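Let's have the full structure, built from the sequences with the hints guiding it.
Chains as they are written, first to last, in our numbering: chain A, 1 to 113; chain B, 1 to 113.
Please note: incorrect hints may appear among the correct ones.
[To be verified] Partial pick of chain B residues on the chain A-facing surface, computed with a CB cut under 7 angstroms:
id	residue
1	K49
2	K100
3	Q105
[What the hints assert, rightly or not] Simulated DEER-style distance windows between Cβ atoms:
id	chain 1	residue 1	chain 2	residue 2	range
4	A	F42	B	G29	48 to 56 angstroms
5	A	L54	B	A53	45 to 53 angstroms
6	A	Q14	B	T12	34 to 42 angstroms
In short, the hints are calculated from the structure, not lab data. These numbers were taken from a predicted model, which means no experiment stands behind them. The C-beta atom is built at its ideal place from N, Cα and C for all residues, glycine as well.
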Amino acid sequence: DTAVSQTPKYLVTQMGNDKSIKCEQNLGHDTMYWYKQDSKKFLKIMFSYNNKELIINETVPNRFSPKSPDKAHLNLHINSLELGDSAVYFCASSQGRRNYGYTFGSGTRLTVV
Amino acid sequence: GDSVTQMEGPVTLSEEAFLTINCTYTATGYPSLFWYVQYPGEGLQLLLKATKADDKGSNKGFEATYRKETTSFHLEKGSVQVSDSAVYFCALGGSGNTGKLIFGQGTTLQVKP
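See the structure below:
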């Protein structure tokens, strides 16, 4: 069984569209994250939720909105997509917030054309 | 703020060569330190970690020692294999008990037969 699963794996869409990426973890972890990896492989945190509560909200455009219906799910909705949103988006989870290490999903490659 | 700096890549080695990937950090307090590996088309996997000064993390022949005096966490392996070809990320646990990980820019390793 996949521990952290993201869907879709690939997403190609036009500028101005709205899209969502879903993430689910079956590890029983209570904290989930969204990271963005740019074309140079640099990883930057976007959001973090702990037991459905927003913990981290980095300087991300408000076109990006995370939603956590329960502690096993963290979805990312993006409005009015722009070319610069093209990247690989990774979901991750951890038990607690004491930095014992994350488990990552396999990523969603978003291409905006 | 907290940051991680890794050596520039790509690093190209022959099979059975010795590997060192340098990582230094800037942080307040005593963060946990991590190495993650990303194989092509996959998410990041935790390779090893260390939670306090002088701790040595090890896994699959890779090792790294938490050096507080030099603020370093260099990754080493005595004999690399072609299957070790991947991108390696050094990371530290950010302050504030948020669970946030701060990543270095990644170092690409290519091992040739």
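Hint by hint, here is what the structure shows:
no., hint, result
1, K49, "6 angstroms, holds"
2, K100, "5 angstroms, holds"
3, Q105, "5 angstroms, holds"
4, A:F42 with B:G29: 48 to 56 angstroms, "24 angstroms, violated"
5, A:L54 with B:A53: 45 to 53 angstroms, "33 angstroms, violated"
6, A:Q14 with B:T12: 34 to 42 angstroms, "39 angstroms, holds"
Of the numbered hints listed earlier, those contradicted by the structure are 4 and 5.
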